[in-house]
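Trainee: This is what each chain is made of:
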Amino acid sequence: MLKTAKSALEGQLKPNEKVSRLVLEVGELTGAVPAYLKTAYESLKVDTIFENCELETIFMPGTVRCKSCGEEFAAREHNFTCPGCAGIDLSFVSGKDLVIKEIIVEE
Amino acid sequence: MENYRIIEVKQSIFDDNDKDANLLREKMKEEKTFLMNLMSSPGAGKTTTLKGTLNALKDDLKIGVMEADIDSDVDAATISELGVKTIQLHTGGMCHLDADMTRQGVTNLGTEDLDLVILENVGNLVCPAEFDTGAAMNAMILSVPEGHDKPLKYPLVFQVCDVLIINKIDVLPYFDFDMDKVKEYALMRNPNLKIFPISAKTGEGMEAWTSYLKERVESYIK
Numbered sequence: 001m002l003k004t005a006k007s008a009l010e011g012q013l014k015p016n017e018k019v020s021r022l023v024l025e026v027g028e029l030t031g032a033v034p035a036y037l038k039t040a041y042e043s044l045k046v047d048t049i050f051e052n053c054e055l056e057t058i059f060m061p062g063t064v065r066c067k068s069c070g071e072e073f074a075a076r077e078h079n080f081t082c083p084g085c086a087g088i089d090l091s092f093v094s095g096k097d098l099v100i101k102e103i104i105v106e107e
Numbered sequence: 001m002e003n004y005r006i007i008e009v010k011q012s013i014f015d016d017n018d019k020d021a022n023l024l025r026e027k028m029k030e031e032k033t034f035l036m037n038l039m040s041s042p043g044a045g046k047t048t049t050l051k052g053t054l055n056a057l058k059d060d061l062k063i064g065v066m067e068a069d070i071d072s073d074v075d076a077a078t079i080s081e082l083g084v085k086t087i088q089l090h091t092g093g094m095c096h097l098d099a100d101m102t103r104q105g106v107t108n109l110g111t112e113d114l115d116l117v118i119l120e121n122v123g124n125l126v127c128p129a130e131f132d133t134g135a136a137m138n139a140m141i142l143s144v145p146e147g148h149d150k151p152l153k154y155p156l157v158f159q160v161c162d163v164l165i166i167n168k169i170d171v172l173p174y175f176d177f178d179m180d181k182v183k184e185y186a187l188m189r190n191p192n193l194k195i196f197p198i199s200a201k202t203g204e205g206m207e208a209w210t211s212y213l214k215e216r217v218e219s220y221i222k
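Residue numbers (my numbering), protein chains in the order written: chain Y, 1 to 107; chain Z, 1 to 222.
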């Protein structure tokens, strides 16, 4: 995660700026637990440019689309089965990823 | 926060790994080596299934094995007795292999003259499912004592796999394991999943699995 964040900052950070907040979207279907991510982040950030940067997580609901009838629904709630037509061939709409949304920098 | 600004990133933390995985997949395809990623819980019988598979295919295919399971008892000596090239990958206690570690393993093993490379991933159903290793095929082993509800509890691994091997069917009479239910749940997660019930111990069902694998490898390396 820090590797991705660092490469995203390359050439963007001015000499008088410091990173202050990292905003991470946590997909429901990744199985990642925000509290554990934060704990791991606290140990990993030591001695990096993120030392004084906090991690903010945003919950992204796991949504899927039924390939048969096109209905979009909450995957977990409906146990990966379309509430409209009982279809099980689905494509993912959101909530399957960990995405660095933005990084906030301060002077 | 007087002077602050927002840098938009919108980048998945899996992007780097996905890129590495696709590069490795292309390279292996060019070299005509079929890379199979084998996943399971600890104790599901990866090692025994692996030995049975190697015994069945070693005369027809040139095979290599990369061991990443910290729990594995297959050592280089046991495998080389079967005439199969093997290396141990050191994950440094990590719970999964990523594409870059797999690429290093492939380089160290030397796969140019091999038809099939089997990667025995770390025994775990969560993390290995999230990291694409660059394999041409993902297979997982679920064993009867683990219970038929696992596709409901670990959906992702069932979604990313092409093959589900259900091992230890010889002990079915002693467990409340419902074979129809597990198939139903697994296909709910992934309608394209190929399912092979086997007993690596008695050899039952092994023929169907190994012939399927052989066909997949042969059509890939043609």
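Check each hint, because a few of them may be wrong.
Unchecked claim - Here's a subset of chain Y near chain Z, in silico, CB distances under 8 Å, partners left out:
1. Lys6
2. Gly31
3. Val33
4. His78
5. Thr81
6. Ile88
7. Ser91
8. Val93
9. Asp97
10. Val99
11. Glu102
12. Glu107
Read the hints as simulated data drawn from the structure, not as lab findings.
Beta carbons: idealized from backbone N, C-alpha and C, even for Gly.
Trainee: Determine for every hint whether it applies to the structure shown.
Mentor: Each hint, compared with the structure:
1. Lys6: Violated, because the Cβ-Cβ distance from Y/Lys6 to chain Z comes to roughly 11 Å (cut-off 8 Å).
2. Gly31: 6 Å, holds
3. Val33: Violated - the Cβ of Y/Val33 stays beyond 8 Å from chain Z, reaching only about 11 Å at its closest.
4. His78: 11 Å, violated
5. Thr81: 7 Å, holds
6. Ile88: At 5 Å from the nearest chain Z Cβ, Y/Ile88 passes the 8 Å test, so the hint holds.
7. Ser91: 11 Å, violated
8. Val93: Y/Val93 check fails; min Cβ-Cβ to chain Z is 15 Å, beyond 8 Å.
9. Asp97: 5 Å, holds
10. Val99: Because about 5 Å separates Y/Val99 from the closest Cβ in chain Z, which is inside the 8 Å limit, the hint holds.
11. Glu102: Since chain Z brings a Cβ to about 5 Å from Y/Glu102, closer than 8 Å, the hint holds.
12. Glu107: Since chain Z brings a Cβ to about 4 Å from Y/Glu107, closer than 8 Å, the hint holds.
Figure legend: structure checked against the earlier numbered hints; hints not met, in rising order: 1, 3, 4, 7, 8.
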